[in-house]
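Chemist: Chains as they are written, first to last, in my numbering: chain X, 189 to 298; chain U, 189 to 298; chain B, 189 to 298; chain G, 189 to 298; chain S, 189 to 298; chain A, 189 to 298.
Among the clues, some could well be false.
Note that identical chains are pooled: a pair holds if it fits in a single copy or bridges any two copies.
Claimed, not checked - Taking lysine-lysine and the DSSO-like style, the derived pairs with C-alpha atoms no more than 30 angstroms apart in a straight line are: (1) LYS205 - LYS296; (2) LYS229 - LYS195; (3) LYS229 - LYS198; (4) LYS195 - LYS205; (5) LYS230 - LYS205; (6) LYS205 - LYS220.
For the record, the hints were derived by calculation from the structure and aren't laboratory data. These numbers were taken from a predicted model, which means no experiment stands behind them.
There are 6 protein chains.
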Amino acid sequence: MNSELLKDRKKLMTLMKNSDPFFEEFGGLDDKAFSQGAISKKHKELTMVSISIVQKCEECIIYHLGECLNHNATREEILDAVKIGMMSSGSTSYPYGRLAFSFLHDNKIL
Amino acid sequence: MNSELLKDRKKLMTLMKNSDPFFEEFGGLDDKAFSQGAISKKHKELTMVSISIVQKCEECIIYHLGECLNHNATREEILDAVKIGMMSSGSTSYPYGRLAFSFLHDNKIL
Amino acid sequence: MNSELLKDRKKLMTLMKNSDPFFEEFGGLDDKAFSQGAISKKHKELTMVSISIVQKCEECIIYHLGECLNHNATREEILDAVKIGMMSSGSTSYPYGRLAFSFLHDNKIL
Amino acid sequence: MNSELLKDRKKLMTLMKNSDPFFEEFGGLDDKAFSQGAISKKHKELTMVSISIVQKCEECIIYHLGECLNHNATREEILDAVKIGMMSSGSTSYPYGRLAFSFLHDNKIL
Amino acid sequence: MNSELLKDRKKLMTLMKNSDPFFEEFGGLDDKAFSQGAISKKHKELTMVSISIVQKCEECIIYHLGECLNHNATREEILDAVKIGMMSSGSTSYPYGRLAFSFLHDNKIL
Amino acid sequence: MNSELLKDRKKLMTLMKNSDPFFEEFGGLDDKAFSQGAISKKHKELTMVSISIVQKCEECIIYHLGECLNHNATREEILDAVKIGMMSSGSTSYPYGRLAFSFLHDNKIL
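Using the sequences and the accompanying hints, generate a full structural model.
Modeler: In structure tokens, the structure reads:
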């Protein structure tokens, strides 16, 4: 897959929503679960970094690390989230932990 | 991994089968499970699209979407299969749903 | 956990929906994904039997087998769905395949 | 398995640690990852509720919900953690969400 | 599920094989993969203990621990297999490690 | 992600260890679990090939196949480990089995 479209997340999300109202509702429910609530947006994004490592989803790790930075999570908080993800899912999550460190290094956080 | 061989699925399947009879039997049993039966081949391939999203297997998603088209699944049936996969496995399957949409767009289905 | 409530699925679903509107929307979206559509309700329930075996979810297997019977899936179709689930996820799904057979036997299908 | 020992988590943990120093170190590292840090103990336990639902681990869900209560997480924060877990892993996590609600009901939180 | 049949693994396996030849072939292929080969039966069963912990499958853990004992694996080899399983899949595998220790204790190995 | 750093596993491991002592301890515990013990280093690496296929982790598969070769596992032992991984996790592990065969071919083992 070298689809040009695949690189353009926004266009793809629009295509999904235009194809069937289910995907618009799915996106809306997702936004609701992860927006500011009793748990803050920042802490939800930190949780998603941990879950993305547990789920071994590369794209998710990069996306939620970016969101952590957008919501002013500190270097130490992000490292804590990576620890939680790696400790929860063990050494088969090592490549996903390394991906997180690589992103943090490229973004001058580490 | 930039192995030339990896791109050539057929040669790799032949290599597997020639290396040990186990892999030939595994392939034969797999063919049996997914061939036309009480459930039609088309519906089995639609089910495999859903399962591939649940399992977060990129190569499987592309392969089974191709098989859906080969067995005349409609656009609406394929969208239903993507919905089932995404609803079953939640928002961490988003990147895999987007991959499916990208494939469908590249193949002029969407 | 021997909660009386846990045995009463309906009361628990009501408690969820009353606790927070998110759970009502989640349930509604779930209903939408699995209702009759381009893929029939019967075929969606067969797919969910396969996915439940892949996901190793005991309660899900029992629930969706019951729904298959409610929507007139045949013995052969259900066996096909079990095959797809077990072939997709391998021999660590054996206990879940046996659970399906036990249910089918208790319900005089096998 | 109706082992008396299995019900006695503390004795089992002692047995593990006495059997091989690896298990003592594993436990120590686990304690380190989940103790108060840049992310608070309360938020780590909330994250573990979400991860336990994603991982479909019944014992983990009950344990971490109890820890959330021990660390003064509010009803609303716990519901947010359940939402994150269910939204991340979709409708096959329904039985695990219901387990959480059943625990919260039995403990007079809901 | 309190099916009498579920407790009787052998009868259930016979029911599966008699229902459809697929399940007989699946069982045969499974036997082939896990029988004595270049890797010994004992080491294959030790590997299956690790994989069963990684897969969070309770019935599989008990079954393969029993097979380890049947094939004269030592206490130390079994502890190594539990370590590999827990280290590979992290602290969410704790309940499954404890299940293994409980079984080993009940069988006077620990 | 085209990070130069990501390609340099050693530098990334150093960055992790220098960022927080947790990662050094995690690495040390991992080394302990997978070093020569009651189960030999060679058999532990073979087990890790099986687990890496079960976990669908591409980088892990390549790494542990390399370690198998470094510890003098035979062609037949490695094929047995691939069989165990594929049989345990079914046909959705096919792409990961093919990756293993591609690596073995590129390294003149097959």
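Chemist: Does each hint hold? Answer for all of them.
Modeler: Comparing the hints with the structure gives:
When the C-alpha separation of LYS205 and LYS296 is checked against a cutoff of 30 angstroms, the pair qualifies only between copies, where the shortest distance is 17 angstroms, while the shortest distance within a copy is 35 angstroms. Taking the shortest alpha-carbon separations for LYS229 and LYS195, only the intra-copy value of 26 angstroms comes in at or below 30 angstroms, while the best inter-copy value is 32 angstroms. Proximity of LYS229 to LYS198 under the C-alpha cut-off of 30 angstroms is restricted to the intra-copy arrangement: shortest distance 21 angstroms within a copy versus 32 angstroms between copies. In the homo-oligomer, the alpha carbons of LYS195 and LYS205 lie at most 30 angstroms apart inside one protomer (17 angstroms), although the nearest pairing across protomers, at 33 angstroms, exceeds that limit.
Both within a single protomer and between protomers do LYS230 and LYS205 lie at most 30 angstroms apart by alpha-carbon distance, with minima of 26 angstroms and 25 angstroms respectively. For the homomeric pair LYS205 and LYS220, the shortest alpha-carbon distances inside one copy (16 angstroms) and between copies (15 angstroms) are both at most 30 angstroms.
When the structure is compared with the earlier hints, no violation turns up for any of them.
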